[in-house]
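Just so you know, the protein sequences line up as chains P, Y, C and A, in that order. Residues in the first sequence are numbered from 1 upward in steps of one, following my numbering. Residues in the second sequence are numbered from 1 upward in steps of one, following my numbering. Residues in the third sequence are numbered from 1 upward in steps of one, following my numbering. Residues in the fourth sequence are numbered from 1 upward in steps of one, following my numbering.
Hints may be right or wrong, so weigh each one.
[Unchecked claim] Label pairs and their in silico Cβ distance ranges:
#1 A/ASN296 to P/ALA18: 47 to 53 Å
#2 A/ALA135 to Y/GLU194: 37 to 43 Å
#3 A/ARG21 to Y/LYS199: 24 to 30 Å
#4 A/ALA135 to P/PHE3: 35 to 41 Å
#5 C/ALA298 to Y/GLU323: 49 to 55 Å
#6 P/GLN267 to A/GLU299: 47 to 53 Å
#7 C/ALA135 to A/ASN296: 55 to 61 Å
#8 Y/PHE3 to C/ARG17: 26 to 32 Å
#9 P/ALA48 to Y/ASP265: 56 to 62 Å
#10 P/ALA48 to A/ASN2: 54 to 60 Å
#11 C/ASN14 to Y/LYS26: 38 to 44 Å
#12 P/GLN302 to C/ALA135: 31 to 37 Å
#13 P/ASN239 to A/LYS10: 28 to 34 Å
#14 Y/LYS225 to P/LEU234: 34 to 40 Å
If you're looking for bench data, these hints aren't it; they were derived computationally from the structure. In this text, a Cβ means the ideal position worked out from N, Cα and C, and glycines have one as well.
Next come the chains, spelled out residue by residue.
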Amino acid sequence: MDFNDTPEEAEFRTEVRAFLQQHGDKYRTRDSFSRKNAKEWQAIKADAGYAAITWPTRLGGRGGTEIQQVIYDEEERHYELVYNVFRVGLGMCMPTLFAYATEEQLERYVEPALRGEELWCQLFSEPAAGSDLAGIRTKAEQDGDEWVINGQKIWTSFADTADFGILLARSDFDAPKHKGLTFFFLDMKSPGIECRPIKQITGDSHFCEVFFDDVRIPDNQRLGKIGGGWKVALTTLMNERMAVGHAGGPDFEEIFALAQSLEIDGQPAFKNGAVREKLVDWFITCQGVKYTNFRLITALSQGQQPGPEASIMKLVGAEKQQEIASYGMDLIGMGGNVMDKELSPMAAAFQDSFLFAPVSQVAGGTNEIMRNIIAERVLGLPADIRIDKDVPFRDLPTGPGK
Amino acid sequence: MDFNDTPEEAEFRTEVRAFLQQHGDKYRTRDSFSRKNAKEWQAIKADAGYAAITWPTRLGGRGGTEIQQVIYDEEERHYELVYNVFRVGLGMCMPTLFAYATEEQLERYVEPALRGEELWCQLFSEPAAGSDLAGIRTKAEQDGDEWVINGQKIWTSFADTADFGILLARSDFDAPKHKGLTFFFLDMKSPGIECRPIKQITGDSHFCEVFFDDVRIPDNQRLGKIGGGWKVALTTLMNERMAVGHAGGPDFEEIFALAQSLEIDGQPAFKNGAVREKLVDWFITCQGVKYTNFRLITALSQGQQPGPEASIMKLVGAEKQQEIASYGMDLIGMGGNVMDKELSPMAAAFQDSFLFAPVSQVAGGTNEIMRNIIAERVLGLPADIRIDKDVPFRDLPTGPGK
Amino acid sequence: MNFDISEDAKAVANTARDFLREHSPMTAIRRVFDEEIQYDAELWKSMAELGWLGAGIPEKFGGFELGGEVLCVLAEEIGRVLAPVPFSTSVSLATSAICAHGSDAQKCDLLPKMAAGEIIGTFALAEGVGDPSPARIEAVVENGRLNGNKYPVADGSVADFVVIVAHDSAGDIGLYFCDLSASGITSTPIESVDPSRNTVSLSFENVEVEPLGDAWQGWQSVQNILDQAAVILAFEQTGGAQACLEMARDYAIERYAFGRPIGSFQAVKHKLANVYIATELARSNAYYGAWALGENSAELAQAAATAHLSACNAFQLAARENIQTHGGMGITWEADCHMYFRRAKSLGLEIGGSLFWQERLMSQLEQQATG
Amino acid sequence: MNFDISEDAKAVANTARDFLREHSPMTAIRRVFDEEIQYDAELWKSMAELGWLGAGIPEKFGGFELGGEVLCVLAEEIGRVLAPVPFSTSVSLATSAICAHGSDAQKCDLLPKMAAGEIIGTFALAEGVGDPSPARIEAVVENGRLNGNKYPVADGSVADFVVIVAHDSAGDIGLYFCDLSASGITSTPIESVDPSRNTVSLSFENVEVEPLGDAWQGWQSVQNILDQAAVILAFEQTGGAQACLEMARDYAIERYAFGRPIGSFQAVKHKLANVYIATELARSNAYYGAWALGENSAELAQAAATAHLSACNAFQLAARENIQTHGGMGITWEADCHMYFRRAKSLGLEIGGSLFWQERLMSQLEQQATG
């Protein structure tokens, strides 16, 4: 048992460090959603073979291993270079294209995506279909060699700036839920598409609503069979990157620092037994997540594929974020409501995190869905009773809200 | 808002106190399951009109109010006179008889039950039907004027000493689950009945398994219609007494006393911030339960009937019992495992309660069932999907375990 | 035993609920969030006319002397709809400070105008980080002049005056009245977790203030004001928790996933059962607080801490689970969920955080145990 | 990165799992519960033959020197089946005390017999209530004679000797070896939450004891023995947690209610998902402990406390939820659930309760923060 790289891993890490040392500082950013610099940085990565480490070389990848990707990500994180803007395109859209697009399409679309020249987005969720993704209602009607799309998507990151998107739509309302879906990719500049940013609880807008009004897509941009869209969507979802344990915002280190800087009854706050107990709980969870991650990395290093076990990282991370943020505000006491960065300890990091935490607990699968995944896919418990699998979609109850 | 009795209530309380002062001390007990003294005490209560306060006078009751019963119970508790042995008979069996038995049967059975001369038990749960009571499989076959019973019951208090029992059995395996049940009462001395005490986690045996081997019951001891047993059973269950908030075992007072008597780092344990936080949590819960109970009593005093809201008392009480018992042992530290009454603080009350707590969380409805009740009956949330309502009982899946 | 809100108070509560449903829909607080208005002046005026602002003020000072229970149920109704008015500051904290400690002249001057809704007061205790404590107070009054900084001060941007906790040159803690139009005051808006609270930072440079009466008993007087406020706040929080529970319940019935209402899933059911339990326990503890407030019982300190802590738990849990029940919709600005989420946290900090009230409660229990 | 148990240790673990499945079914511990036997002497003998009892003993003292990781995985397998043998006392606590502090003569005398399963040792620290602390120790050795009371002592009724924590006439804490057949010892069985632990109270009246070596550093030596034991215990607890999770999972699949497996209900699913999460976090933290133990790292104290606390959480949660998943069956003596429930609590107290280990961990984190 050791924390060391294998000789091959160490060699790769050395290479990566040299690369980052040469180029990294110039592209540092604190806004991971920004496109500023991102495109240029992506091209440099692509040239050096780091843009898509696990992709086969024929698609412009490095033909590397999962553990190499982990090593690269670890190192890149030190430079604050993690641009989220290409994550959806490279992590989800391209792998779907690999499985279902023609050679000509791959030739056309993969390289520009890899080099950050074209941005992709994913059009899946709808207002009435979140956890229950297969319940989408956006309609796709065939019209000769084209499809006509009408409906609404939601929670699409970068929809307003993306060049292309992958789209799941319903082509048959009489088939059972999972059988009537068809999958496309489309030009986001097509006429009839309207994007509206959604203001989140934090006041920021990281997502869009997307409205489709008679948007036309050529049939050759269909991926998979007519009515086979669910199978394609599962390919996309399987490629969601291994969730990270850290949901963002203050973690143990920060709450410990806060408890050292504040006082309770004239003593540093961390001397108080109640505070100590909380700190210990979070430390243990934090360490547990860290070393669980090490175990997953070890498994990757031994050639295994990431499994649903990683769901625990996302779940534990999101719940910890909520608790730590809220308790940090309690420690700050009557000043805990203050969000002015100059007036609030640690530049209001706890308050920011408090408002973002509910987003973490919902985005990328609610806590409830994560627990279902663990129970069913990891522990092998039986699925819930399903009443929505075998009836025509249009006959499914949708409630008074619709 | 006040904590005082109304003039009528005060008058009744005075009467009760005088009665208890006269007779109570002689029948004090610490073993609420004991039949020692219980029968004699019950007769005295019956003579004085306190054995069944809310029953109509024609059935030997006092014709009193729910609040009078509460007042009586409050006062009786000071004398440790709460004999559980008659609770099932008077609280559940007799009200079922009132609704379904003939006048002759009432004449025959009610008074002896009321006076403690005959003990009743309830034969409902089965090994494969606990939370899902309607899933019972004990078979009732009609044979002329009689019914022949075969099967097994479980969790029956006092089955081994009871004179009579009420029984829910399945008379039709081809009808849907809730439609094939028939309800009886029977003589527990009937041939073919065998009772075996069940040893619980605590080592005690408060319940029995009951086996039926061709036990015969006359048809005139059927209550309700053939196939109408579920409706009768609901009458029985509706009469379960208002759950109490205190699940037994140490509560806030006791853990506070323990934390005063023990030391951590040379200080009384309750000076430790972590201990203080726990104490405060339990105090708040404890007070919340107490005042919720006061609100329920006030509602009774205003003539309302107890509703499903009382489920929260049972649920909160059982969970609090578990936490307090476990934490008490933690406070005792390395000596926390010791169950010898002379060696363990407070006569090993925390250890005893620790082992009994799982029983509290299951008996009388699991925590899960309690939460379902609150969600559905109090909050009005929709029922779960049911697949067991409309198919013949014999076709229902019972799993590999059967 | 009659452990229930009195019929009189219930009648006020029912009127208030109907009135607020009609006159304080969530559009009002949205206008505050969008910085169109600072508070609902229209509603405030109506509240004065209905006698609510004078509920805690004696008749001889222009009030209606409706008693503590009425204040409590009004707070509950206001909490339910997040009515954007300076209730917890002006009607609760400032009013009770003046009633308890003001001189007759101050009472005659201020209380009738407060009851009539002509002036708004607030209460300035906090000085940045930390819980209520005499050791935290650096604001000082010397020769009738105040120097110091107070923040956050809720409703500071809509108040006409402020009751200030400061010490004098001898180091004794006292209560001072300060007109916010006095010279030497700089009032700076503060970005707050709950933007509807009109929070400011007040900086005082040689500002003329007058002592609030002359009979305070140092910190004890401050603590007593906080105890009273804690009970009233507990009702406001319980009202908020109840609103969250009902929103979540309604959404869980209406929203379908997998062909069925999400409220038919145990994950949602059990979550909401837990919220119901916390809310009912909080309500019961709040009633105990109302009793102690009404009787001015020696148990007030204990009852207030119990009620407030219990209500903090309930409201914060209810607000969090309400968002989670709403899923993606819950994390949008457009949904009302986040306003309750912000308010729940904000009310849990306004008069000191949970560690402060836990300590307050434990010290009461210790006194009983040893006394 | 290779953050996994070594292949060698895994091989031992696999053998142990198969062996214990065959030779230590739950019937063995039932015989202890029913007081037919005190421990599984047959199994103990086999364990000696398999080299497990000498896993932590150097070769030159008759052991197999298999390393800390092997001890850890053996503990995990023993925890999984609740094997009724004095592992945590004799193989972990007593052995590590002797290896670390015994004189060469003591090692030569004791360790080969321990490795061979000929003698059993235990460790006597507790004196009734309280967590490990020098201030709690009243047992005293003067002129080679011990006076005092030690309880609870796990496996005390099957042990041949005991390593005792006592102070000398100067008040210094030390470790002493005591043969349990010495005169002046009264050993009284104690009723314990976990009846399979052979718990006794030992009373010493002028009992001849000898110092365990001569190089202890007072309390630091005791604490170091506890740190090592905490890591090994964390594995035993994780094994128990895993067993509870699997029992509950299997029951939830087999048991039907309302016409469907109870494991298809979210209430059960989410409960078991939480148990899985706690168990996985505990396992990861236990691995960290094993690493620190194997490397004799300066982080051992921190890693041990983290591993043990995490494992306490996991095992206690898993044992509780296992009962609850089993419903009525779970609260019977006949079901195995309660044996895990008892063991989970008992292992969480054996070397000090959670407050003690929390404090131990925090003090390490403080040192790092300030150092």
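The hints, checked one at a time:
no.: 1; hint: A/ASN296 to P/ALA18: 47 to 53 Å; verdict: violated, 35 Å
no.: 2; hint: A/ALA135 to Y/GLU194: 37 to 43 Å; verdict: violated, 58 Å
no.: 3; hint: A/ARG21 to Y/LYS199: 24 to 30 Å; verdict: holds, 26 Å
no.: 4; hint: A/ALA135 to P/PHE3: 35 to 41 Å; verdict: holds, 38 Å
no.: 5; hint: C/ALA298 to Y/GLU323: 49 to 55 Å; verdict: violated, 30 Å
no.: 6; hint: P/GLN267 to A/GLU299: 47 to 53 Å; verdict: violated, 27 Å
no.: 7; hint: C/ALA135 to A/ASN296: 55 to 61 Å; verdict: violated, 46 Å
no.: 8; hint: Y/PHE3 to C/ARG17: 26 to 32 Å; verdict: holds, 27 Å
no.: 9; hint: P/ALA48 to Y/ASP265: 56 to 62 Å; verdict: holds, 57 Å
no.: 10; hint: P/ALA48 to A/ASN2: 54 to 60 Å; verdict: violated, 28 Å
no.: 11; hint: C/ASN14 to Y/LYS26: 38 to 44 Å; verdict: violated, 52 Å
no.: 12; hint: P/GLN302 to C/ALA135: 31 to 37 Å; verdict: violated, 57 Å
no.: 13; hint: P/ASN239 to A/LYS10: 28 to 34 Å; verdict: holds, 31 Å
no.: 14; hint: Y/LYS225 to P/LEU234: 34 to 40 Å; verdict: violated, 52 Å
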